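Q: In order, the protein sequences belong to chains F and X.
Mapping to my numbering: the first sequence position 36 is 36, numbers consecutive.
Mapping to my numbering: the second sequence position 828 is 828, numbers consecutive.
Certain hints may be false.
Below, in silico cross-link-like pairs of lysine-lysine (DSBU-like), each with a Cα-Cα straight-line distance of 30 Å or less [said to hold, decoys possible]: (1) X/K232 to F/K126; (2) X/K140 to F/K34; (3) F/K126 to X/K140.
These are calculated hints, taken from the structure and not from any lab test.
Values in this document were obtained by computation on a predicted structure and should not be read as measured data.
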Amino acid sequence: MRLTRRAVLLSSLAASAPGLARAAGASLPKPQGKVILTVSGKIGAFNAGNSAEFDRPMLESFGSSSFTTWTPWYNDPVTFSGLPMAKLMHMVRATGTSVLATALNDYETRIPVSDFAQFNVLLAIKRNGQYMPVSDKGPLFIVYPYDSSPELKTQKYYSRSAWQLASIEVI
Amino acid sequence: MIRLPPLRWRRSTPDKPVSPAAPRSFRTLFIVITAFLVVAALYTSILIVKRQQTLYEVSRYNSSWLLSQAAVEVARLEVTVAESMVPDSGIGPDQVQLWLEIVENRVRLLNSGEVADYLKSAPDQLVIAEHFRRTIEGIKPLVATLQQPGHAQLLLKRLTRLNPELVHLSSAAYRRSGELAANDLTQLSYLHWIFSGVLLALIACSLGLILVLSWHNRLLSDAHDEVNGLVKDLTSTSKELSEANQRAHQAMEEVQLQNQILKARDLELHTQNARFDAALNNMSQALCMVDANQRLIVCNVRFLELFGLSTGVVQAGRRVADVFRAMSATGRYDAELIEAVRVEQQALVFAHKPGRFMQEVEEGPALSVSHQPMTGGGWVATYEDVTERRHAEARIHFMAHHDALTSLPNRVLFHDRMEDILRTPPRRGERLAVLCLDLDYFKNVNDALGHPVGDALLEAVAGRLRDCVREEDLVARIGGDEFAILQSSADQPNQAEQLAKRIVETLCQPFDIAGQRAIVGVSIGIAVATERNANADLLLKNADMALYRAKADGRSRYRFFEAEMDAQMQARRAIELDLHEAVNRSELQVWYQPIFDLVENRVSGFEALLRWQHRELGMIPPAQFIPLAEELGLIGRIGEWVLLQATQDAASWPDGLKVAVNLSPVQIRDDHLVLAVEQALMRSGLAAERLELEITESALLQDNDTVLATLHRLRTLGLRTVLDDFGTGYSSLSYLRSFPFDKLKIDQSFVREMETRPDCRAIVNSVADLAMQLGITTTAEGVETADQLEQVRQAGCGEAQGYYFDGPRPAAALGLWYAAEKQGLLSAAD
Numbered sequence: 001m002r003l004t005r006r007a008v009l010l011s012s013l014a015a016s017a018p019g020l021a022r023a024a025g026a027s028l029p030k031p032q033g034k035v036i037l038t039v040s041g042k043i044g045a046f047n048a049g050n051s052a053e054f055d056r057p058m059l060e061s062f063g064s065s066s067f068t069t070w071t072p073w074y075n076d077p078v079t080f081s082g083l084p085m086a087k088l089m090h091m092v093r094a095t096g097t098s099v100l101a102t103a104l105n106d107y108e109t110r111i112p113v114s115d116f117a118q119f120n121v122l123l124a125i126k127r128n129g130q131y132m133p134v135s136d137k138g139p140l141f142i143v144y145p146y147d148s149s150p151e152l153k154t155q156k157y158y159s160r161s162a163w164q165l166a167s168i169e170v171i
Numbered sequence: 001m002i003r004l005p006p007l008r009w010r011r012s013t014p015d016k017p018v019s020p021a022a023p024r025s026f027r028t029l030f031i032v033i034t035a036f037l038v039v040a041a042l043y044t045s046i047l048i049v050k051r052q053q054t055l056y057e058v059s060r061y062n063s064s065w066l067l068s069q070a071a072v073e074v075a076r077l078e079v080t081v082a083e084s085m086v087p088d089s090g091i092g093p094d095q096v097q098l099w100l101e102i103v104e105n106r107v108r109l110l111n112s113g114e115v116a117d118y119l120k121s122a123p124d125q126l127v128i129a130e131h132f133r134r135t136i137e138g139i140k141p142l143v144a145t146l147q148q149p150g151h152a153q154l155l156l157k158r159l160t161r162l163n164p165e166l167v168h169l170s171s172a173a174y175r176r177s178g179e180l181a182a183n184d185l186t187q188l189s190y191l192h193w194i195f196s197g198v199l200l201a202l203i204a205c206s207l208g209l210i211l212v213l214s215w216h217n218r219l220l221s222d223a224h225d226e227v228n229g230l231v232k233d234l235t236s237t238s239k240e241l242s243e244a245n246q247r248a249h250q251a252m253e254e255v256q257l258q259n260q261i262l263k264a265r266d267l268e269l270h271t272q273n274a275r276f277d278a279a280l281n282n283m284s285q286a287l288c289m290v291d292a293n294q295r296l297i298v299c300n301v302r303f304l305e306l307f308g309l310s311t312g313v314v315q316a317g318r319r320v321a322d323v324f325r326a327m328s329a330t331g332r333y334d335a336e337l338i339e340a341v342r343v344e345q346q347a348l349v350f351a352h353k354p355g356r357f358m359q360e361v362e363e364g365p366a367l368s369v370s371h372q373p374m375t376g377g378g379w380v381a382t383y384e385d386v387t388e389r390r391h392a393e394a395r396i397h398f399m400a401h402h403d404a405l406t407s408l409p410n411r412v413l414f415h416d417r418m419e420d421i422l423r424t425p426p427r428r429g430e431r432l433a434v435l436c437l438d439l440d441y442f443k444n445v446n447d448a449l450g451h452p453v454g455d456a457l458l459e460a461v462a463g464r465l466r467d468c469v470r471e472e473d474l475v476a477r478i479g480g481d482e483f484a485i486l487q488s489s490a491d492q493p494n495q496a497e498q499l500a501k502r503i504v505e506t507l508c509q510p511f512d513i514a515g516q517r518a519i520v521g522v523s524i525g526i527a528v529a530t531e532r533n534a535n536a537d538l539l540l541k542n543a544d545m546a547l548y549r550a551k552a553d554g555r556s557r558y559r560f561f562e563a564e565m566d567a568q569m570q571a572r573r574a575i576e577l578d579l580h581e582a583v584n585r586s587e588l589q590v591w592y593q594p595i596f597d598l599v600e601n602r603v604s605g606f607e608a609l610l611r612w613q614h615r616e617l618g619m620i621p622p623a624q625f626i627p628l629a630e631e632l633g634l635i636g637r638i639g640e641w642v643l644l645q646a647t648q649d650a651a652s653w654p655d656g657l658k659v660a661v662n663l664s665p666v667q668i669r670d671d672h673l674v675l676a677v678e679q680a681l682m683r684s685g686l687a688a689e690r691l692e693l694e695i696t697e698s699a700l701l702q703d704n705d706t707v708l709a710t711l712h713r714l715r716t717l718g719l720r721t722v723l724d725d726f727g728t729g730y731s732s733l734s735y736l737r738s739f740p741f742d743k744l745k746i747d748q749s750f751v752r753e754m755e756t757r758p759d760c761r762a763i764v765n766s767v768a769d770l771a772m773q774l775g776i777t778t779t780a781e782g783v784e785t786a787d788q789l790e791q792v793r794q795a796g797c798g799e800a801q802g803y804y805f806d807g808p809r810p811a812a813a814l815g816l817w818y819a820a821e822k823q824g825l826l827s828a829a830d
């Protein structure tokens, strides 16, 4: 718990003072718990070689955002909450234009980085306030606010919505 | 929208006739096409929406992939389970657990959302999905106990059973998605065809529209041309109109001018008509105007009044004959008079000549007619009732030829008649006698009894004269108391003599005039016309001379003219002429006779006496030429001269000697007298109290008031007035009371006979006494002897005058005489 608290402190430092975080080394704090996401590729912040690894508390520490939307996968509207993808890209100092997201079942999808800011794409951690198990599209799920635009209610964006996300490569 | 220009205008020459239906059909077509375009556009929009929806369907979530992954993940789980059974494979139960969870996730996916919906539509597949779910539920405990022998095999066995089902499921999903895609494609194709069709239709419409528009343009162009043509036409028309307008304007102005002129003329005509009417109806003459057909044009109010006609009877268009008939019918004038006028006018109408004539009834109405033919055959005539004028004329004529008092012919008529008689050749030795008559003593009667009596006497005389003559003789009054008679007879001069005798006798008989008895006589001069003196003036003059002679011979008698009378008359006329000249030739002289004051026993003054020293005839006595001077109107001039001469002479006299100047009756009646006296006094410088003016009684007989006023005015100048020759006239004592005399002179006829006749002495005495009583001085005239002087002195006379003292002497001799005789006279008086 102490370590976790320090990590939080550090991350908050990094968040509040990017220049300081950068000076503190292009490195991120090490994940304390089980790594649930690995980011690699064209990024500027690392904590595991050329990639950055994150456990759930780290991801939660970067801030939270949420929205409610209809999806093809649930019969009812669902409220997703988690880290905005744009935030994640910032944290890892991503410099690429797109990302290759890979799920636990090896599903791959390519997403332009521009989508994140444009549509406020969320790296959902919770669904309806509950952490998501692997058996129900957890632990991480890239979701779009589908109700915000009819454009988003298409196969193009549904295919970019990767559940059981395991890693991201910035290209 | 394109608005079509209204094609209303047409060329006058329709070389390109345009059906009026064309624009309408064109418009309809245009509207149809446009509507169709709108509908097509809308439909296209709908199609596009449909296509979008279809495309959306195509792009919607693809469940086939999701289903197909179920088989893959189950297979991956089997593989993981199988590998976990292989020692040192590195695959542990975690991996198996992970893949189980992944498969669980797939089961969930199949049981919720769109996939679940899809599966529900296919019951056989729903069975498979249910089996899949139950299988996975069932294997969960096996996974937990995978290390136990046989569990892995059992697990694999159960999972392997799922494989064909899941493949069936995925293939069915794949097949379905293929069908869906084919459906979509078909639909899209269908939509595409529709779209294409619509597009083609749109293109066709556009082409149609273009055609329509080009047609329209052509129409517009035509219309434009037409409009241009029309505009051109209009321009020229406008120009023409403008010119026409200008002409019209000019014409209008001319018309207005004409109108104004006409108005002015109308006004003028109106005014003239009014004036004409006014003139016509204010004419004093009656007027009627008749046209060539002898029908009345107009007549004025006076015409109606004059003939008593009513406007109803005399209207324009009436025949003139009817009008004359109406004029007669009213009875205003005698029908004969009207008929006479009509006949005379008719003659003028036929003759077509102007004329003025008068028709009158004897002693009755008279009408004056002025007839004037007019150009064109009509005539205009004015009628005037000249009855009054005729009567007045007659009266005037009568008055001009008759004496107002006696109604006898006057001198004018007498003269005319005489000339008439002399002009006509005498019948059977007839000769004309002219008798001139003058009443004797008429003046006395007139003065004594008054003018009314005198006038009545004259009338009576006229009456007697009328009785004396024959009817054919003419008696005229040719002067105050002068009459004349014309008598034509073969027995001349006997008849004239008979007549003269008769007249003298008749007129000598006393007259009884309003109870007063008057006696006059008549003197008659007769001239009988001979072949030598058959001249009116000469005859009258001759008769006059004979009358003069009769008078000179003692009155109340007749005398025939004789040749020697003419000579005497010639001499008298010569004296008359000489008297005119005498004044200029200084033949007149003022002589002076002394007046002796019996109280103071001295010469108190001189009486101025006029003398005429004729260059051939010698001294002419005053009694001869003074009446002549009065008759000739010279007395005023002579009297003034005497007055001035006497005052000038007297001014140089010593001892305040007075001068007495005689005034003739003519002078005393002259308004100029007082001024002449004033001037004489002023010019001579003689004091007024040294001047005495002597007036005879006869001067007082006429114009008493005037004489009285003159005497008063003279006395206010400061001089003295003297009544001369008292006793010769009427010797009315009332004169002395009425007139302001300072002195009276007792006529010498009384003084001369005082010695022999006591009555004369008594008269002188009583007059002197009376005068003394009245405070008036008396002068005794004609004292020639010492006895006479003595008697007048005793009678009480204040002054005496006569040859006893001295006769008249010229002024030049007076000074010497006065100086020499003064003493002698004084002694004589003693």
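Q: Does each hint fit the structure? Answer for all of them.
A: Comparing the hints with the structure gives:
1. For the given pair, X/K232 sits about 89 Å from F/K126 by alpha-carbon distance, which is inconsistent with the 30 Å threshold.
2. With a C-alpha separation of about 23 Å, the suggested pair X/K140 and F/K34 falls inside the 30 Å cut-off, and the hint holds.
3. Simply put, F/K126 and X/K140 have alpha-carbon atoms about 25 Å apart, close enough for the 30 Å limit, and the pair holds.
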